[in-house]
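Under the UniProt record's numbering, the first residue of the sequence shown is numbered 1, with each subsequent residue one higher.
None of these hints come from the bench; they were simulated from the model.
Just so you know, these numbers come straight off a predicted model, no measurement behind them.
Built from N, CA and C at the ideal position, the CB exists for glycine as well.
Heads up, none of these hints are tricks.
Pairwise CB distance ranges, derived in the manner of DEER restraints: (1) Met128 <-> Arg108: 20 to 30 Å; (2) Leu165 <-> Ala84: 31 to 41 Å; (3) Ala75 <-> His164: 40 to 50 Å; (4) Val147 <-> Ile25: 27 to 37 Å; (5) Met220 <-> Thr263: 30 to 40 Å; (6) Lys73 <-> His164: 40 to 50 Å; (7) Leu243 <-> Pro215: 19 to 29 Å; (8) Ile63 <-> Pro222: 20 to 30 Å; (9) Ser13 <-> Phe166: 42 to 52 Å; (10) Ser230 <-> Pro76: 42 to 52 Å.
BS3-like cross-link-like pairs, simulated, lysine-lysine; straight-line CA separation at most 30 Å: (11) Lys261 <-> Lys81; (12) Lys16 <-> Lys73; (13) Lys16 <-> Lys261; (14) Lys261 <-> Lys88; (15) Lys195 <-> Lys81; (16) Lys73 <-> Lys195; (17) Lys236 <-> Lys39; (18) Lys88 <-> Lys195; (19) Lys195 <-> Lys16; (20) Lys261 <-> Lys195; (21) Lys233 <-> Lys39; (22) Lys39 <-> Lys261; (23) Lys261 <-> Lys73; (24) Lys73 <-> Lys88.
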Amino acid sequence: MSSSASSSSSSPSRRKALFISSLIILWYSSNIGVILLNKFLLSNYGFSFPIFLTMCHMSACAILSYVSIVFLKIAPLQSLKSRAQFLKIATLSIVFCGSVVGGNISLRYLPVSFNQAVGATTPFFTAMFAYLMTLKREAWVTYVALVPVVAGVVIASGGEPSFHLFGFIMCLSATAARAFKSVLQGVLLSSEGEKLNSMNLLLYMSPIAVLVLLPAALIMEPNVLDVTISLGKEHKFMWMLLLVNSAMAYSANLSNFLVTKHTSPLTLQVQHLWLLFSLSVNK
1 MSSSASSSSS
11 SPSRRKALFI
21 SSLIILWYSS
31 NIGVILLNKF
41 LLSNYGFSFP
51 IFLTMCHMSA
61 CAILSYVSIV
71 FLKIAPLQSL
81 KSRAQFLKIA
91 TLSIVFCGSV
101 VGGNISLRYL
111 PVSFNQAVGA
121 TTPFFTAMFA
131 YLMTLKREAW
141 VTYVALVPVV
151 AGVVIASGGE
161 PSFHLFGFIM
171 CLSATAARAF
181 KSVLQGVLLS
191 SEGEKLNSMN
201 LLLYMSPIAV
211 LVLLPAALIM
221 EPNVLDVTIS
231 LGKEHKFMWM
241 LLLVNSAMAY
251 SANLSNFLVT
261 KHTSPLTLQV
271 QHLWLLFSLS
281 VNK
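Take these sequences, add in the hints, and give me the full structure.
Below, the structure is given as structure tokens:
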């Protein structure tokens, strides 16, 4: 009788573990694909427009989220409950834009390996923001374990032959913004008063991000349309690469929200460390 009860209770746990493992695998594969395609487009393909590229990503997120909710009925449509909730989503969108644009800009000046090594400090910033925003304190062992990571990045920065100060500042800023975003999205996904499912959060966040990025792209990258059309005519796979990259960005963002919801912001950033390790091994 007891063995039967134990078996039945462990079955949901196994299913949950399998579900979370599948989400993490999706998150890994999507992020690796986006990072490598971003680097290829920005550095090797002549498409040096990180802001416009991020806008393409968020446009794809808005369109695919709308199709998934309204037409495919994968998730129910949720309405916003308060002005405060809208302001938090808007803040999340702006911080997200800053983190992605900063990361894409840094890829123009830094190699992928060093870029991702700096990104390894994200758990440190996540733990700090989590405490400041939610007063959630991790075990002291967690904080101690983050010290060697930060120290290692400082040492690596001094010995990096391809070090570029502006690229490093952009990368570090993007890392801090990514950590803040993780904590804020964790609040929006788990707060009882403002809870949204991952697909709806992405649906509301993406159009705001596009509205923020559009004027920035027109001002800071004024010739982006002419160059993009020219590259599309010169390279027949240009449009396909841009579409695939944008679709993978949707998958990466959605899986990012799902992993945050079913684990925690700090757990997500620890998984990010494994992603960095994978990229360094495969380099």
